[in-house]
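Here the protein sequences come in this chain order: A and B.
Heads up: the first sequence begins at 0 in numbering that gives the first Met the number 0, then just goes up one per residue.
Heads up: the second sequence begins at 0 in numbering that gives the first Met the number 0, then just goes up one per residue.
Just so you know, the hints here were simulated from the structure itself, not pulled from any lab data.
Be careful, since some hints might not be right.
Unchecked claim - Computed cross-link-like contacts, BS3-like style, restricted to lysine-lysine with a CA-CA straight-line distance of at most 27 Å: (1) A:Lys98 with A:Lys122; (2) A:Lys64 with A:Lys120; (3) A:Lys64 with B:Lys138; (4) B:Lys120 with B:Lys98; (5) A:Lys148 with B:Lys120; (6) A:Lys122 with B:Lys148; (7) A:Lys138 with A:Lys48; (8) A:Lys120 with B:Lys148; (9) A:Lys148 with B:Lys64; (10) A:Lys138 with B:Lys64.
In this text the structure is predicted, and so the values were computed from the model without any measurement.
There are 2 protein chains.
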Amino acid sequence: MTKDPYQALDAEARVLMASLLEAATHAALAVVRDDGTPSVTRIALSVEKDRAPVTLISDLFLHTKALRAGRPCSVLLGEPGDKGDPLTHPRLTLHCVPKFVTREDAGYGELRDRYLALRPKAKLYVDFADFNFVRFEVKDGLLNAGFGKAYRV
Amino acid sequence: MTKDPYQALDAEARVLMASLLEAATHAALAVVRDDGTPSVTRIALSVEKDRAPVTLISDLFLHTKALRAGRPCSVLLGEPGDKGDPLTHPRLTLHCVPKFVTREDAGYGELRDRYLALRPKAKLYVDFADFNFVRFEVKDGLLNAGFGKAYRV
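One chain only, chain A, in its complex shape (with noise of 0.2 Å):
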């Protein structure tokens, strides 16, 4: 092995990575707290045509609060089946910038239909006032399709 592992995408690496994030339903969603500590938790996602990940959260969420505040993220997407090493399904991290998309936006609307035609649950919750979208804006990430393929995004 090579001291590091992580190689450019190809071709291949790159029909992955779109696959992985037009599958993914939710996501690990990693902040970093007031304090400086990081704190992962679950996310729903979709994607935008332009596939930026996209959540629809609460403002009562504890992790919502370091969104708000602008600071890097990260997101974990790819879900290993039940079946099978999780070590050996195909995962993606994505380093972010959250963004808030707010219903004054230009394109609150079109990205809202998108969403619930995708996630149509979030219909009973997507008009409550604490419930807002979050683009995340990808700066770069990683990509590991298992043992020994792992590409720099």
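For chain A, the structure is supplied; the task is to place chain B on it using the hints.
Just chain B, lined up with the frame of chain A:
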């Protein structure tokens, strides 16, 4: 809803937490990198008899550096299956301090035996020089048992 949607653990929540820990074969691990930004990845997971989560991790792995530095980290476990709403599936966020268990440590043999009994596939690489066990010393956490059922641990 109240301002703090998190309640104290009750007996039922304790049983749920224990069962999530016992059942976990993998988890999402969040660390804080040198530049203060978080990164979340997937790790294999097992539990010791005292229910402390343990992983076996390579030094080649980017996230290991933050663990080596002893910085606080966070573990999310309790994976949803393929069916149903992932946000109604119970999950546990733990805030931890990582502790490497080296081959010279007193409890190493016992920890190794238990880990391999639970995760036999790890026999392939457990004795590679760059692989080490990390025990997550839990400071506190959050248990989410589904909408409206959240607890402080």
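query = Which of the listed hints are broken here?
reply = none
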